[in-house]
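Chains as they are written, first to last, in the numbering used here: chain D, 1 to 304; chain U, 1 to 199.
What the hints contain is simulated information worked out from the structure, not anything from laboratory work.
A portion of the hints provided could be inaccurate.
[What the hints assert, rightly or not] Just a sample of chain D residues kept apart from chain U, beta carbon distances all over 10 Å, derived:
#	residue
1	Arg40
2	Ala176
3	Lys194
4	Ala210
5	Gln216
[As the list claims (entries may be wrong)] Computed spacing ranges between beta-carbons, pair by pair:
#	chain 1	residue 1	chain 2	residue 2	range
6	U	Asp17	D	Asp30	52 to 62 Å
7	D	Asp220	U	Thr6	30 to 40 Å
8	D	Arg231	U	Ile86	20 to 30 Å
9	D	Gly111	U	Thr91	50 to 60 Å
10	D	Glu24	U	Glu61	25 to 35 Å
11	U	Glu5	D	Glu227	50 to 60 Å
Everything numeric in this text was worked out from a predicted model, so none of it was measured.
A virtual CB, placed ideally from N, CA and C, is assigned to each residue, including glycine.
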Amino acid sequence: MDNEMIDLMAGDARLRQRLEVYAETRLTPDLATSSRIRARVLAVAHRQADLARADAALTVVTAATERAAMPSRRRRARWRRPLVALLAASLGVGAVAGSAFAARPAGSLYGARLWLETLTLPNDPSQRALAELDRLQHRLIEAAEAVRTGDTAGAAAALAAYEAIMEQASSAAIAAQDDVAAAVLQTGVGRNVKMLQALILALPDEATDAIQQAVQRAIDRSDRAIERIERGQQGPNSGPNGTPGGTTAKPTKTPTEEPTPKPTKKPGDTGGPPGAVPGAGGQPEPPTEQGKPVKSPKPQHGPN
Amino acid sequence: MTLDETAIERLVQEARDGDAWAFGLLFDHYHLPVYRYIASRVHRPSDAEDLTQLVFVKALEALPRYESRGIPFGGWLFRLARNAVIDHVRTRHDHVDLDSAVGQAGREAGPDEVTVTRLELDEVAEALAALTDEQRDAIALRFFAGLSAREAAEVMGKQEGTIRGLQFRAIAALRRKLGIDLPEAADDDVVGHAGRRTP
Numbered sequence: 001m002d003n004e005m006i007d008l009m010a011g012d013a014r015l016r017q018r019l020e021v022y023a024e025t026r027l028t029p030d031l032a033t034s035s036r037i038r039a040r041v042l043a044v045a046h047r048q049a050d051l052a053r054a055d056a057a058l059t060v061v062t063a064a065t066e067r068a069a070m071p072s073r074r075r076r077a078r079w080r081r082p083l084v085a086l087l088a089a090s091l092g093v094g095a096v097a098g099s100a101f102a103a104r105p106a107g108s109l110y111g112a113r114l115w116l117e118t119l120t121l122p123n124d125p126s127q128r129a130l131a132e133l134d135r136l137q138h139r140l141i142e143a144a145e146a147v148r149t150g151d152t153a154g155a156a157a158a159l160a161a162y163e164a165i166m167e168q169a170s171s172a173a174i175a176a177q178d179d180v181a182a183a184v185l186q187t188g189v190g191r192n193v194k195m196l197q198a199l200i201l202a203l204p205d206e207a208t209d210a211i212q213q214a215v216q217r218a219i220d221r222s223d224r225a226i227e228r229i230e231r232g233q234q235g236p237n238s239g240p241n242g243t244p245g246g247t248t249a250k251p252t253k254t255p256t257e258e259p260t261p262k263p264t265k266k267p268g269d270t271g272g273p274p275g276a277v278p279g280a281g282g283q284p285e286p287p288t289e290q291g292k293p294v295k296s297p298k299p300q301h302g303p304n
Numbered sequence: 001m002t003l004d005e006t007a008i009e010r011l012v013q014e015a016r017d018g019d020a021w022a023f024g025l026l027f028d029h030y031h032l033p034v035y036r037y038i039a040s041r042v043h044r045p046s047d048a049e050d051l052t053q054l055v056f057v058k059a060l061e062a063l064p065r066y067e068s069r070g071i072p073f074g075g076w077l078f079r080l081a082r083n084a085v086i087d088h089v090r091t092r093h094d095h096v097d098l099d100s101a102v103g104q105a106g107r108e109a110g111p112d113e114v115t116v117t118r119l120e121l122d123e124v125a126e127a128l129a130a131l132t133d134e135q136r137d138a139i140a141l142r143f144f145a146g147l148s149a150r151e152a153a154e155v156m157g158k159q160e161g162t163i164r165g166l167q168f169r170a171i172a173a174l175r176r177k178l179g180i181d182l183p184e185a186a187d188d189d190v191v192g193h194a195g196r197r198t199p
């Protein structure tokens, strides 16, 4: 109670005392209650801080690699540009004759288009990982568009391309033993899994089993790729000079690391979206220890 | 824990920058008054616990958009708390009336209550329940949460003088209800204090 209030109630010690006793006994949380509230609130605070940190790290990596990519892209352009131009010209005949259609997923020029994309991939592992993520993202967009228009063959082709690119990208990242590339791929592919899970839930009822299986296969392949990259990082020869890699710059684990139920199209599905906050009544629960990044030690203060 | 305004502003800034530890200190500083305020406005201790948690989580989420603009962090936090209580009462039709006060009074007595006459506590609960919503809010913010009249006015969106009037009438009503008579001199004193402006 502040001085003003005490002043206000001057001469009324009895009322003041009764209100104080009431506040102490009926309105004051016990230690267990305070601790519970604190633990839940701080769990949310830590989770937010972790997410912000991961996003900031990814932004920094992206910006840095994009800056670094600029001069090397110009160098490569000297010999690659004519080559790409030549190839583009050779494909130009088809382009003129309606190649826009042919280059769509399942079109006759789709394979050629994918191959052309590989020609412009950077050599630097982390830049390459970012470029591969772009390609994966395009395949998902193509698949979603094909599903939307009922183009079963197109969706299957885009998803097959997604799987192939995923294989190449993860193999390249593991072979390069580059922590940044691995982190970029793990994070990006984790997001792709979410997109695929959303896609499988959004499939129209008339979507064929083949499409559902293709999407599920892409999810499985993504999960496996993440595991492979992680194993590759933890392998005995994954770090420079044979030292174990990823010990200091271990990337933030992607959401797929938490066991998420595979989405199905069945009504009444209880599998929540990945990253959903568990707990009754939407109240956040403390995060599991699994997948939590190592935090810098700071003193934790108890209630009061 | 005692923190001055400067320290609080610094912690708020750090918490806005994603420092969970800083937010923990803010929680430690504010959770008791916030809980007390909420507990005085809802029936059940479990509701008070849930709402206190909700207020701090909301604060955490809204922190990036928080700008001081003359409203200290504490006032902003209590505004969140008050809105949470209003929403709770509105959606659950949860009124602190006489029945609910009796219901709360009928809960299991805690160890602290062993030495205190339970009847007296029930009387206080009933007296508080008999106040108007605004009077109860003013008493809860001023007395249980320890806010100044200015802070309470900011939280309730009213003039400082209005808050003083509300608390004066609330105190008078509590006295009557609890059968506490004041000596004449003291009564004059209360009127005088309630009517004056803070420097």
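Now the hints, each set against the structure:
Distance check for Arg40/D against chain U: the nearest CB is about 5 Å away, which does not clear 10 Å, and the non-interface claim fails. The beta carbon of Ala176/D sits about 31 Å from the closest Cβ of chain U, which is more than 10 Å, so the claim that it is off the interface holds. Under the 10 Å C-beta cut-off, the non-interface status given to Lys194/D relative to chain U holds; the minimum distance is some 21 Å. For Ala210/D, the non-interface assignment is confirmed: its Cβ lies about 42 Å from the closest Cβ of chain U, beyond the 10 Å cut-off.
With a closest Cβ-Cβ approach of about 34 Å to chain U, Gln216/D is found to remain outside the 10 Å limit, as its non-interface label requires. For the pair Asp17/U and Asp30/D, the beta carbons lie near 33 Å from each other, so the given range of 52 to 62 Å is not met. Taking the beta carbon of each, Asp220/D and Thr6/U are about 55 Å apart, not inside 30 to 40 Å as hinted. Taking the beta carbon of each, Arg231/D and Ile86/U are about 53 Å apart, not inside 20 to 30 Å as hinted.
Separated by about 58 Å at the C-beta atoms, Gly111/D and Thr91/U satisfy the suggested range of 50 to 60 Å. The hinted range of 25 to 35 Å is satisfied by Glu24/D and Glu61/U, whose Cβ atoms lie roughly 32 Å apart. For the pair Glu5/U and Glu227/D, the supplied restraint of 50 to 60 Å holds, since their beta-carbon distance comes to about 51 Å.
The structure does not agree with the numbered hints 1, 6, 7, 8 stated previously, though it agrees with the rest.
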